[in-house]
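Note that the UniProt record's numbering has the sequence shown beginning at 1, numbered continuously upward.
Since the hints were made in silico from the structure, they are not lab data.
Heads up, a few of these hints could be off.
DSS-like cross-link-like pairs, simulated, lysine-lysine; straight-line CA separation at most 27 Å [what the hints assert, rightly or not]:
#1 K54 to K98
#2 K40 to K98
#3 K89 to K18
#4 K98 to K18
#5 K91 to K37
#6 K89 to K40
#7 K98 to K37
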Amino acid sequence: TAIPCGLIINELISNSLKYAFPEDGQGEIRIDLHSEKEGKFTLIVSDSGIGFPKDLDFRNTESLGLQLACTLVDQLQGTIGLDRTGGTKFKIAFTEPKDKQRG
Numbered sequence: 001t002a003i004p005c006g007l008i009i010n011e012l013i014s015n016s017l018k019y020a021f022p023e024d025g026q027g028e029i030r031i032d033l034h035s036e037k038e039g040k041f042t043l044i045v046s047d048s049g050i051g052f053p054k055d056l057d058f059r060n061t062e063s064l065g066l067q068l069a070c071t072l073v074d075q076l077q078g079t080i081g082l083d084r085t086g087g088t089k090f091k092i093a094f095t096e097p098k099d100k101q102r103g
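I would like the entire structure built from these sequences, with the hints used as guidance.
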């Protein structure tokens, strides 16, 4: 679970660094991981940049980084959503595999 999460974070941060702050390059990138109940987790990668284009479907894009992020979320058997308000916020929900859960 750690490797796919690390790769997802890497791809989404790379995307933010390339596109979110075109003017002066200043802004904020946040990574949050929340543990929910019963082995469920929510990973949020967000930035305070110009926002993800409204006409672009991140699930069906030519961007290899976003394709990889979506494939890795599928590998985790999770879901990914996008909030375009106040920048860009990707929210990934997944469940830790039963054999990996901490007891």
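Hint by hint, here is what the structure shows:
1. A hinted pair counts as satisfied when its Cα atoms are at most 27 Å apart, and K54 with K98 does not qualify at roughly 37 Å.
2. A hinted pair counts as satisfied when its Cα atoms are at most 27 Å apart, and K40 with K98 qualifies at roughly 11 Å.
3. A threshold of 27 Å between alpha carbons decides the hint, and for K89 with K18 the separation of about 15 Å falls inside it, so the pair holds.
4. Under the criterion of a C-alpha separation no larger than 27 Å, the hint pairing K98 with K18 is inconsistent with the structure, at around 37 Å.
5. Only pairs whose Cα atoms come within 27 Å are accepted, and K91 paired with K37 is accepted, the gap being roughly 17 Å.
6. Between the alpha carbons of K89 and K40 the distance comes to roughly 19 Å, so the proposed pair stays at or under 27 Å and holds.
7. With a CA separation close to 13 Å, the supplied pair K98 and K37 stays within the 27 Å bound.
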